[in-house]
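One-letter residues, chain by chain:
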Amino acid sequence: MTNTATETRSVVVEREMPHPPEKIWRALTQPHLIEEWLMKSDFKPVADHRFSFRADWGAVDCQVLEVEPHKALSYTWAAYGLESVVTWTLTPTSSGTLLRMEQSGFRPDQEQAYQGAKYGWQQFFAKLDEVLTRTD
Amino acid sequence: MTPDIRDILFRALADPTRRALFERLCREGEQTVGALTVRAGVSQPAVSKHLTVLKQAGLVRDRHEGRLTHYSAQLGALAPLIDWTSQMAGFWQSRFDHLENLLRRMDQ
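Protein chains in written order, with the working numbering: chain A, 132 to 267; chain B, 56 to 163.
These aren't lab readings, by the way, just hints derived from the structure by calculation. Misleading hints may appear alongside valid ones.
Unchecked claim - Restraint-style ranges between C-beta atoms, simulated for each label pair:
1) D173(A) <-> S127(B): 18 to 26 Å
2) G189(A) <-> T124(B): 33 to 41 Å
3) P100(B) <-> K171(A): 47 to 55 Å
4) A144(B) <-> L196(A): 32 to 40 Å
5) D173(A) <-> V97(B): 21 to 29 Å
6) P100(B) <-> D192(A): 39 to 47 Å
Beta carbons are placed, not taken as given, at the ideal position from N, Cα and C, and that holds for glycine.
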């Protein structure tokens, strides 16, 4: 359990969609559309713009890093002690677009670990019964 | 990370009194056994016993100063419980589903 603070990990979700990149780009960048599939936000496709995603469970603080219209978009994503970067990549294919999302970040430590753990609490208790049964 | 570490952490935090003690140390910082007992609702020997379990799990550390023992939370010990990648993977998969629904509706 040492040296965990600098360990980078990432989540990748990739899906081919039968829609042109321009259309997917709109869904990724226009707040009234973003709200329909992700969360409410005051996003603007402008580098350095600070914004947040809001949901009933809390907020995610973000800052735009990179905007390459119809091709790539990245922003920081900070919530519950998780400091990460979300990068969207749109690659045209013969039948539409390959949409790729990569979220990379750092394993939290110290205070962040506690904040993150609170978020993980629910999952934690779901596993509790199983573990106790196994070890008793 | 071995499953054993998780088992130890789960067992240590499964008890509500122990969990309350740990959460207090997280929120309020280092405290003596006496200070923890005042609000724990159990006897000092019981608090000491719970603290020993937390210590064995690596969740707290003790520091002796004269006759007093101070306990503090070791938040890094929770790291194995926070598998944010699996939480976020599930989150994004469902968001991709919503996004595909939206894109279909945008056609109309």
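Now the hints, each set against the structure:
no.	hint	verdict
1	D173(A) <-> S127(B): 18 to 26 Å	violated (40 Å)
2	G189(A) <-> T124(B): 33 to 41 Å	holds (37 Å)
3	P100(B) <-> K171(A): 47 to 55 Å	holds (52 Å)
4	A144(B) <-> L196(A): 32 to 40 Å	violated (21 Å)
5	D173(A) <-> V97(B): 21 to 29 Å	violated (48 Å)
6	P100(B) <-> D192(A): 39 to 47 Å	holds (45 Å)
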